[in-house]
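Line by line, the protein sequences are chains S and W. The numbers in this note's numbering rise by one with no breaks, and the one at position 9 of the first sequence is 9. The numbers in this note's numbering rise by one with no breaks, and the one at position 102 of the second sequence is 102.
Keep in mind the hints are simulated off the structure, nothing from the lab. Owing to the predicted nature of the structure, the values given are computational and were not obtained by experimental measurement. Glycine is no exception: its CB is placed at the ideal position from the N, C-alpha and C atoms. Heads up, a few of these hints could be off.
[Stated by the list, open to error] Cβ-Cβ distance ranges computed for the label pairs, FRET-style:
| id | chain 1 | residue 1 | chain 2 | residue 2 | range |
| --- | --- | --- | --- | --- | --- |
| 1 | S | 5 | W | 28 | 16 to 24 angstroms |
| 2 | W | 7 | S | 7 | 30 to 38 angstroms |
| 3 | W | 44 | S | 70 | 37 to 45 angstroms |
| 4 | S | 80 | W | 54 | 19 to 27 angstroms |
| 5 | S | 9 | W | 80 | 30 to 38 angstroms |
| 6 | S | 42 | W | 22 | 18 to 26 angstroms |
| 7 | S | 81 | W | 67 | 27 to 35 angstroms |
| 8 | S | 114 | W | 79 | 19 to 27 angstroms |
| 9 | S | 81 | W | 38 | 27 to 35 angstroms |
[What the hints assert, rightly or not] Computed cross-link-like contacts, PhoX-like style, restricted to lysine-lysine with a CA-CA straight-line distance of at most 20 angstroms:
| id | chain 1 | residue 1 | chain 2 | residue 2 |
| --- | --- | --- | --- | --- |
| 10 | W | 41 | S | 3 |
| 11 | S | 3 | W | 19 |
| 12 | S | 3 | S | 73 |
| 13 | W | 22 | W | 36 |
| 14 | S | 3 | W | 40 |
| 15 | W | 22 | W | 52 |
| 16 | W | 36 | W | 19 |
| 17 | W | 41 | W | 18 |
| 18 | S | 16 | S | 114 |
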Amino acid sequence: AQKITQTQPGMFVQEKEAVTLDCTYDTSDQSYGLFWYKQPSSGEMIFLIYQGSYDEQNATEGRYSLNFQKARKSANLVISASQLGDSAMYFCAMREGTNAGKSTFGDGTTLTVKP
Amino acid sequence: ETGVTQTPRHLVMGMTNKKSLKCEQHLGHNAMYWYKQSAKKPLELMFVYNFKEQTENNSVPSRFSPECPNSSHLFLHLHTLQPEDSALYLCASSQGTGRPLHEQYFGPGTRLTVT
Chain S
1 AQKITQTQPG MFVQEKEAVT LDCTYDTSDQ SYGLFWYKQP SSGEMIFLIY QGSYDEQNAT
61 EGRYSLNFQK ARKSANLVIS ASQLGDSAMY FCAMREGTNA GKSTFGDGTT LTVKP
Chain W
1 ETGVTQTPRH LVMGMTNKKS LKCEQHLGHN AMYWYKQSAK KPLELMFVYN FKEQTENNSV
61 PSRFSPECPN SSHLFLHLHT LQPEDSALYL CASSQGTGRP LHEQYFGPGT RLTVT
């Protein structure tokens with residue numbers, strides 16, 4: 001079974017509007033972390049935001065926020081006030097356990113911001 | 001230099017060649033990773049090193065041979081590759097142990113083409 005599911009292969013959003021990228025995960029571990037990365041066409045993976053399984057508050061980093069719903073096992077990324085530079089591939093990832101444990105990435109969502 | 005660097009950025013090699021990919025991190029991290037990113041496939045974790053010790057090998061063929069001489073450097077030695085090994089190879093690092101589930105910082109990747 002896939003551990004990280006991103007159901008939206010591609011998304012479009014108008015500049016300055018907000019967009020939500022979906023991510024659901026599957027794990028039996030109690031301790032895990034959820035991450036979102038951005039990959040522009042240049043190829044580099046850029047860390048955006050992190051949510052720990054025990055964190056009670058939803059994580060926020062500037063225009064990025066993570067809508068964490070633990071019971072539903074979802075960790076959606078919300079980008080507010082989209083900018084043209086936000087056009088990229090976005091990956092949801094999960095790491096289970098402690099130390100340098102296994103990482104699992106979703107298939108990614110391609111976001112295109114329209115002017 | 002800062003962050004995670006990878007060399008070369010592009011590599012074209014024949015199936016009988018031997019080459020090495022190099023990754024260096026300047027972040028003081030303890031854990032380093034190799035990922036393979038093929039077109040239309042999710043990011044695949046290949047190897048994990050924590051304090052120079054290999055902790056994960058996700059059933060990677062022996063034609064890929066990692067080497068981690070210290071916590072700052074990670075190599076991927078390549079020999080007798082196949083055309084299906086053509087992909088973007090990403091190196092990442094994280095703090096690893098201590099506070100669990102640190103985010104990973106990625107290098108720009110090496111675009112490998114096997115002819």
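Going through the hints against the structure:
1. About 34 angstroms separates the C-beta atoms of residue 5 of chain S and residue 28 of chain W, a value inconsistent with the hinted range of 16 to 24 angstroms.
2. At roughly 37 angstroms, the beta carbons of residue 7 of chain W and residue 7 of chain S sit within the given window of 30 to 38 angstroms.
3. Checking the proposed 37 to 45 angstroms range against residue 44 of chain W and residue 70 of chain S shows it is violated: the Cβ atoms sit about 27 angstroms from each other.
4. Range check, residue 80 of chain S to residue 54 of chain W: Cβ separation about 41 angstroms, and the 19 to 27 angstroms hint is violated.
5. At roughly 34 angstroms, the beta carbons of residue 9 of chain S and residue 80 of chain W sit within the given window of 30 to 38 angstroms.
6. Checked against the given bound of 18 to 26 angstroms, the beta carbons of residue 42 of chain S and residue 22 of chain W, roughly 19 angstroms apart, stay inside it.
7. Range check, residue 81 of chain S to residue 67 of chain W: Cβ separation about 45 angstroms, and the 27 to 35 angstroms hint is violated.
8. Distance hint check for residue 114 of chain S and residue 79 of chain W: the Cβ-Cβ separation is about 46 angstroms, which falls outside the suggested range of 19 to 27 angstroms.
9. Evaluation of the 27 to 35 angstroms hint for residue 81 of chain S and residue 38 of chain W yields a pass: the beta carbon distance comes to about 34 angstroms.
10. This hinted pair checks out: residue 41 of chain W and residue 3 of chain S have alpha carbons roughly 14 angstroms apart, not beyond 20 angstroms.
11. The straight-line distance between the Cα atoms of residue 3 of chain S and residue 19 of chain W is roughly 33 angstroms, outside the 20 angstroms bound, and the hint therefore fails.
12. Between residue 3 of chain S and residue 73 of chain S the alpha-carbon distance is near 11 angstroms, which keeps this suggested pair within the 20 angstroms criterion.
13. The suggested pairing of residue 22 of chain W with residue 36 of chain W holds, with an alpha-carbon distance near 14 angstroms, which does not exceed 20 angstroms.
14. At roughly 17 angstroms between alpha-carbon atoms, residue 3 of chain S and residue 40 of chain W fall within 20 angstroms of each other, so this suggested pair holds.
15. With a CA separation close to 15 angstroms, the supplied pair residue 22 of chain W and residue 52 of chain W stays within the 20 angstroms bound.
16. Restraint check for residue 36 of chain W and residue 19 of chain W: satisfied, since their Cα atoms lie roughly 16 angstroms apart, inside the 20 angstroms limit.
17. Among the hinted pairs, residue 41 of chain W with residue 18 of chain W is inconsistent with the structure: their alpha-carbon atoms are about 25 angstroms apart, more than 20 angstroms.
18. Only pairs whose Cα atoms come within 20 angstroms are accepted, and residue 16 of chain S paired with residue 114 of chain S is accepted, the gap being roughly 9 angstroms.
Hint compliance for this structure: hints 1, 3, 4, 7, 8, 11 and 17 are broken, all remaining hints hold.
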